[in-house]
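J.: Assemble the whole structure, with the sequences as input and the hints as a guide.
Protein chains in written order, with this note's numbering: chain A, 1 to 452; chain B, 453 to 921.
Derived from the structure by calculation, the hints contain no laboratory data.
We put the CB at the ideal spot given by N, CA and C, even for glycine.
The reader is advised that the hints may include incorrect statements.
[As the list claims (entries may be wrong)] Derived lysine-lysine pairs resembling PhoX-like cross-links, with alpha carbons at most 25 angstroms apart:
| no. | chain 1 | residue 1 | chain 2 | residue 2 |
| --- | --- | --- | --- | --- |
| 1 | A | Lys102 | A | Lys276 |
| 2 | A | Lys94 | B | Lys475 |
| 3 | B | Lys499 | A | Lys13 |
[Claimed, not checked] Now the in silico label distances, taken between C-beta atoms and shown as ranges:
| no. | chain 1 | residue 1 | chain 2 | residue 2 | range |
| --- | --- | --- | --- | --- | --- |
| 4 | B | Pro908 | A | Lys2 | 28 to 34 angstroms |
| 5 | B | Asp457 | A | Glu51 | 55 to 61 angstroms |
| 6 | B | Ile805 | A | Ser387 | 58 to 64 angstroms |
| 7 | B | Ser679 | A | Ala358 | 36 to 42 angstroms |
| 8 | B | Trp571 | A | Leu245 | 49 to 55 angstroms |
| 9 | B | Ile697 | A | Asp394 | 48 to 54 angstroms |
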Amino acid sequence: MKTLKQFADEINKCVLCGTCRSVCPTFGVVQREPASARGKVALCGAYLNKEIELSDVFIKQMNECVQCMACKTACPNDVNVPDIILAARAEVAKERGLPFAKSFIFKNILDSERFMPAAMKFASKLQGLLFKGVPEESGLHRRFPLPLIDEMRLVPQLAERFFLEARSQKPEDIGNIPLPTPSTPLPPPAGDRRSQKSEVRSQNNNSRPRIGFFAGCLINYMLPNIGEACLKVLERAGASVIVPLDQHCCGMPVLGNGDIETAKSLALKNLEAFEKYELDYITTACATCGDGLKRRFKELLGDEYPERVNAFSSKVRDITELLVNELQISTPNSQLPTPNSIVTYHDPCHLRRGQGIADEPRELIEMSGAKLKEMSHPCRCCGLGGSFNITNYDFSMEINRSKAEDIKNTGADIVATACPGCMIQIKDGLHRLGADTKVVHVVELLLHSPSP
Amino acid sequence: MLYKDIIKELTHIVGKENITTSKEDLICYSYDATNQKFLPDAVVFPKNADEISLILKLANKEGFHVVPRGAGSGFSGGSLPVEGGVVVSLERMNKIMKIDADNLIAIVEPGVVTGELQWAVEDLGLFYPPDPSSLKFCTIGGNVAECAGGPRAVKYGVTKDYVLGLEVVLPTGEIVNTGTQTLKGVVGYDLTKLMVGSEGTLGIVTKIILKLLPLPEATKTILAVFSDMRDAAATVSRIISSRIIPSTLEFMDKNSISCVDDYANMGLPADVEALLLIEVDGDRELIEKQAEGIKKICLDNMAREVRVAGDKREVKQLWQIRRAISPSLAKLKPNKINEDIVVPRSKIPDAIIGVREIAKKYNLTNANFGHAGDGNIHVNIMIDKHVPEGFNQGSDKAEFLRAEKAVKEIFELVLGLGGTISGEHGIGISKMPYIGMELSPTAIDVMKKIKQVLDPKGVLNPGKIFPTL
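T.: The following block contains the structure:
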C-alpha cells in the first residue's frame with residue numbers, strides 16, 4: 001500500500017476546481033467545503049506540507065468519507081481521492097494508533113478463525129434479549145432504550161445459523177468442499193443442466209466450471225440466504241461450487257480504518273484458503289468484498305506475493321459478472337413471487353465505480369422477467385460506507401434519505417442491488433420513510449423457480 | 453478591537469456553529485479553481501442579509517477585510533482572501549425561494565447551485581439558459597459576481613441578461629434592492645448591471661431575481677470535421693452571417709482533440725485539424741430545417757464529414773469529446789495557462805491563426821477550443837511548472853517566462869482585432885496586470901471612484917481587479 005507521502009503527486013494533481021462538490025455525498029449533507037473531496041485533499045496536502053498536524057479535526061474529516069468513489073469518477077484530472085483518504089487514515093492509525101476497541105476487535109476477533117464466529121454466535125444469541133423482530137422485515141427494533149440506537153433504527157439481524165456454519169454441517173449438499181486434489185475427475189453434470197451450459201463446459205475440457213464462493217461477513221453472519229441463493233443459481237448454471245470453510249473477512253472494513261497490517265493478514269489467509277483448490281473463478285455476491293479481492297488484495301500483497309495474488313485476483317468475478325459473462329446464463333428458470341413485478345436497481349459504489357459493473361445486474365433483472373424501472377440517481381451512494389454507518393449513524397442515514405426517496409418515487413415493488421451492505425442500509429432507510437418496497441439481492445430474483 | 457474580540461462579535465452575529473477559526477477549516481476556504489491559496493483569519497456562514505449587514509458594519513468599524521465566497525470554483529481568484537480577513541461563505545444561503553411560472557421569474561439565494569436551479573425550472577417546462585461548464589457545482593451568486601457565460605451564450609446571452617433585480621448588502625452594511633421583478637424598468641441608474649460582474653467588490657448579493665424562458669421543445673446536435681482549421685473558423689463566421697443562431701457553436705483544434713481517448717473510438721478520421729460541435733434548439737420542425745442549413749454550410753466550407761446525432765446516446769457521445777478536452781489537456785503538459793479571450797465572430801480565423809503563430813514563435817504547446825459561436829475562445833498554453841528535484845531549473849523557468857510573454861502578445865492581438873481579454877472568467881487577480889491594456893486610464897479611474905463611493909474604507913474583497921501600483 002502506498003503511504004500518504006507517496007500520494008504527494010496525486011494530491012498535487014488536484015487543481016482545486018471543485019467538480020467533486022457536485023457528487024460528494026458527505027458534502028451533499030454538510031454543505032461546507034471541508035466535507036467535500038476537494039477539502040479533504042487540500043487537508044492532506046497541508047499535512048504533508050507540515051501546515052497542520054494529525055489533529056482531531058483532520059481525523060474527523062478523513063473519517064467522514066463513505067469511500068463511494070464518486071469524486072474519483074467525476075474528477076477531470078482522475079485524482080484518486082478515496083485512496084488518498086485511505087492512506088491518510090492509515091497514517092493516523094500508524095502515528096496515533098487505533099482506538100483501543102477498534103484495535104482489539106480487528107486484531108483479536110476479526111483476524112481470528114476461532115473467535116470471530118464465536119463472538120458473532122454470542123451476539124446472535126444476545127440480540128433476542130435486546131431487540132425485537134419487525135414483522136415482514138428482516139431486521140430488529142430495540143426492545144428498550146439502548147445507547148446509540150434510536151427507536152426507528154432497523155438493526156440488521158444476525159442469522160441463527162451462519163452461512164459457513166451451515167455449509168460445514170451439510171457435506172452432502174452442493175457448495176461443500178469437494179475435491180481438494182485437482183487430479184480427481186469431476187462428476188458429470190446432472191441431467192438437464194448439460195444442455196444449458198454445454199459451451200462453457202467445453203471450454204473447460206468438458207468439465208464443469210469450478211467456482212470458489214467467497215461469502216463475506218454480511219452474507220455469512222446476517223444474510224446467509226443470499227449465499228444459499230448464489231449456490232443454487234450457480235449450480236443451476238452448471239457450475240461446481242466450492243466454499244472453503246477457512247475463509248475470512250475480506251479485510252476491507254479494517255483497511256477502511258487504516259489498519260493495513262490486519263488487512264494484509266486477512267488477505268493472505270483468504271489467499272491460502274482458496275489456493276488449495278483448482279478454481280476457474282472465485283466469486284462473491286458482495287460488491288465491497290469483490291472490489292477488495294480484485295483490487296485491494298493486489299495493493300496489499302503485490303509486493304510480497306505478486307504471482308500468488310495476481311493468480312487469485314484475476315479469477316475474481318462479481319456474481320452478476322460471472323453469471324452473465326462467464327457462465328452466460330440466458331434463462332434463469334425463475335419466476336418472481338409476483339409476476340411482472342417492477343424492480344428498480346441500486347448500483348453499489350464498489351460494483352459500479354469499483355469494478356465497472358453496471359450492465360450485468362440489469363441484464364439479470366430483465367432475465368428474471370421483472371420490469372426494470374430506473375430510479376433518478378441509481379449510482380448515488382446509499383450512505384453505508386462500511387463502518388461509517390456504525391461510527392456516524394445519523395450522518396449515514398442522512399445520506400441515505402435521498403436514496404430512499406428516489407427508490408420510493410419509482411413506485412417499484414422491489415429494489416434490487418448487488419451488495420448485502422447496501423441492502424441492510426437501504427432497508428433501514430426505506431423503513432424510516434415508511435415505504436414497503438422489498439429489498440433483494442439481484443441473485444434472489446433468479447431463484448424463485450417452481451420446484452421441479 | 454483585538455482579533456479575539458472581533459471573533460467574539462462575529463460569533464454573536466452568526467452563532468457559534470457558524471463561525472470557524474480552526475486552521476483546518478481556514479485551509480479549506482483559502483483556495484479556488486485558480487489553484488492559489490491565501491489563508492483567511494476566520495470563516496463565517498451567515499443565513500441572511502441582516503447578518504451580512506452586521507458583519508460588514510463591524511468590518512467598517514474595526515477595519516478588517518471581508519471576502520464573499522460561493523463554491524470557490526472561479527478561474528480568476530474573485531473569492532480568494534488575498535489580504536486575509538473574514539471569508540463570508542454563502543453555502544448556507546442556498547434556497548430557491550420562488551419559481552413564478554406565470555411571470556417567468558425565479559427568486560433565489562446566492563448559494564443555489566446553478567445546475568440545480570436549471571433542473572428545478574426545467575421540471576416546470578421553463579429554462580434558465582446560462583450554462584458555465586461548472587454549472588453542476590458553481591453557485592448563482594458567483595455567476596452574478598463574475599457574470600458567467602457558457603456555450604449557450606451564442607444564442608441566449610450571459611448571466612447579466614437574466615438578472616432583473618438584486619438584494620445587495622453594500623460594503624458599508626446597508627441593504628439595498630436594485631432593479632425590478634418586471635422585464636422593464638428604468639427608474640434611476642441601473643445598479644443591477646453595476647453589481648453583476650463586479651466580482652464581489654461592490655457588495656454581497658443576498659437575493660437574485662432571474663428571468664426565465666420557456667424550455668425549447670427540442671435540440672439537434674451536429675459534429676463537423678475539418679482538414680483545415682481555417683475552414684472550420686470560416687464556417688463559424690458563415691453560420692452566424694447566414695442568420696442561423698445555434699444554441700451552441702463549439703470549436704476544437706487538433707491539439708485539443710488529440711488528447712481525447714474517446715475520439716479514436718468513434719470512427720472519426722484521425723488526421724483532422726478541427727471540429728465544430730453545433731446545436732440548434734427550438735420548435736421541432738424549425739430545427740430540422742436549421743440543421744439541414746448548417747450541414748450545407750459546413751459542406752460548402754470543405755467539411756470532410758458532418759454527423760447529425762440520431763438519438764440521446766449519440767448526442768452524449770458527441771458532447772463527450774468536447775467535455776473531455778479540458779481535463780485531458782494535461783496529457784500535453786501538466787499545467788495550463790487558460791485565457792478566455794473574445795473577438796468579433798468574423799475575426800475568429802485571424803485570432804486562431806495569430807495565436808498559433810505566437811505559440812510557435814515562443815516555442816510553446818498551444819491548444820484552442822471553446823465557444824466560437826460568440827467569439828469566445830479558450831486559448832491554452834501548456835507548460836510544465838513541475839521541476840523534478842536536481843533538475844536544471846533554468847529551462848522550465850524559461851518556458852514559463854516565454855509563456856508570460858506570449859500571453860501578453862495574444863492579448864495585444866485580441867485587442868487589435870476589436871476583442872476583449874476576458875469573456876467570462878473576470879479579472880480578479882489573474883488578469884489584474886493586463887487590465888490597463890484594454891481599459892483607458894479614465895475608465896479605470898471612473899471604476900475606482902465608484903468603488904471608493906461604495907466602499908470608502910476598502911473593506912470588501914480588497915486586492916482585486918485594479919493593480920495597486
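J.: Each hint: holds or not?
T.: Hint by hint, here is what the structure shows:
1. Lys102/A <-> Lys276/A: With Cα atoms ~31 angstroms apart, Lys102/A and Lys276/A exceed 25 angstroms; violated.
2. Lys94/A <-> Lys475/B: OK: Lys94/A and Lys475/B at ~23 angstroms, within 25 angstroms.
3. Lys499/B <-> Lys13/A: violated, 34 angstroms
4. Pro908/B <-> Lys2/A: 28 to 34 angstroms: violated, 54 angstroms
5. Asp457/B <-> Glu51/A: 55 to 61 angstroms: violated, 26 angstroms
6. Ile805/B <-> Ser387/A: 58 to 64 angstroms: holds, 59 angstroms
7. Ser679/B <-> Ala358/A: 36 to 42 angstroms: Taking Cβ atoms as reference, Ser679/B and Ala358/A lie about 38 angstroms apart, which means the hint holds.
8. Trp571/B <-> Leu245/A: 49 to 55 angstroms: Check passed, 51 angstroms falls within 49 to 55 angstroms.
9. Ile697/B <-> Asp394/A: 48 to 54 angstroms: holds, 51 angstroms
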